[in-house]
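Sequences are here, hints too, so could you generate the full structure?
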Amino acid sequence: MTRADRILIAAIAVAALLAWPLAAWAAGSDASSVEIAGPAGVSVLRLDADATVAVDGHLGTVRVRIEDGSVLVADSCCSNHVCVRTGPISSPGSVVACVPNGVTVSIGGSDRVGLDARIR
Amino acid sequence: MSGSTLASAEVAVARTFADSAHRTAIGAALLACACVLGLLESALPAVLPVPWLRLGLANLAVVAALALVGPRTAAFVSAGRVLLVGLASGTLAGPVTVIASAGAIASVGVMCLLASYGPRYSMVGWSAAGSAAHVVAQFAAAAVVLHSGALLVLAPASVLVALVLGAGIGLLARMIVSRLPSR
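Just so you know, the protein sequences line up as chains A and B, in that order.
Okay, so the first sequence: first residue is 0 according to numbering that gives the first Met the number 0, each after it adds one.
Okay, so the second sequence: first residue is 0 according to numbering that gives the first Met the number 0, each after it adds one.
FYI, nobody ran anything at the bench for these hints, they're computed from the structure.
We put the beta carbon where it would ideally sit given N, CA and C, even for glycine.
One or more hints might be untrue.
The following label-pair restraints were derived from C-beta to C-beta distances [to be verified]: (1) A:G59 / B:S115: 41 to 47 Å; (2) A:T51 / B:G89: 24 to 30 Å; (3) A:S89 / B:A20: 36 to 42 Å.
Far from chain B by the CB rule (all over 12 Å, computed), these chain A residues [stated by the list, open to error]: (4) D74; (5) S89; (6) S105.
So this is what it looks like as structure tokens:
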């Protein structure tokens, strides 16, 4: 590894570390709601109310389950099932995405509702 | 034109053809390696603790192509890999390929840029910076494709992981390239 390699890697690492608090701030601290975004739109649900939601994705239905203060993708018609294998999430800013279906599930969506309402 | 000038011109043309054939053969072999590594990696998530984490094994072939042949072959290997792995895994027409393409273009672009500086940067630097660019471009593309910035929250941590994994892939590529017989 050359000196220039080390400087470049350190510079990228510092940039990522500086961006970290920004990402944490953008994620917010609200762990009481869950935002489910799909091709048809966005819905925000309470994390403390157990529910099962069927979201229409690009390929088919993605089943999202809220239980015991956490949310998970219970079932998806995608081929690799990365979303299902991610398991339950509950901390602010945590995200599960089913990319082939265009569905994202994130904790703390309530503070972004206004922004989404303007965009969509 | 004298006889000796004609002969040297013929030798030069033959050498050019041989070089071109050599570049094509290396590029094709590395494309095959990249596809196998890419498909192998797509079967790996079941054994990794974080399901969306990728080691970037296919980048090994792209780094080797850049070191052995040059930027055009590296771009060919990278683009061919995205196309063929997308075709084999049935995701070619979907958002997965759009995101993979964004990552591949950014990664090859950064690596070729660093390689153009000559020996100042090594394969480790190319691969680490290429992996970081790959991750940033993929998150940006995912935000556009999914119409949601929620995933960007994961970007800083993913860049740090990509730096470590990219440096590892660069070291491995350097080891492999240094053991290949010189032509």
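Tested hints:
no., hint, in the structure
1, A:G59 / B:S115: 41 to 47 Å, "holds (46 Å)"
2, A:T51 / B:G89: 24 to 30 Å, "holds (28 Å)"
3, A:S89 / B:A20: 36 to 42 Å, "violated (58 Å)"
4, D74, "holds (15 Å)"
5, S89, "holds (15 Å)"
6, S105, "violated (4 Å)"
When the structure is compared with the earlier hints, violations turn up for hints 3, 6 and for no others.
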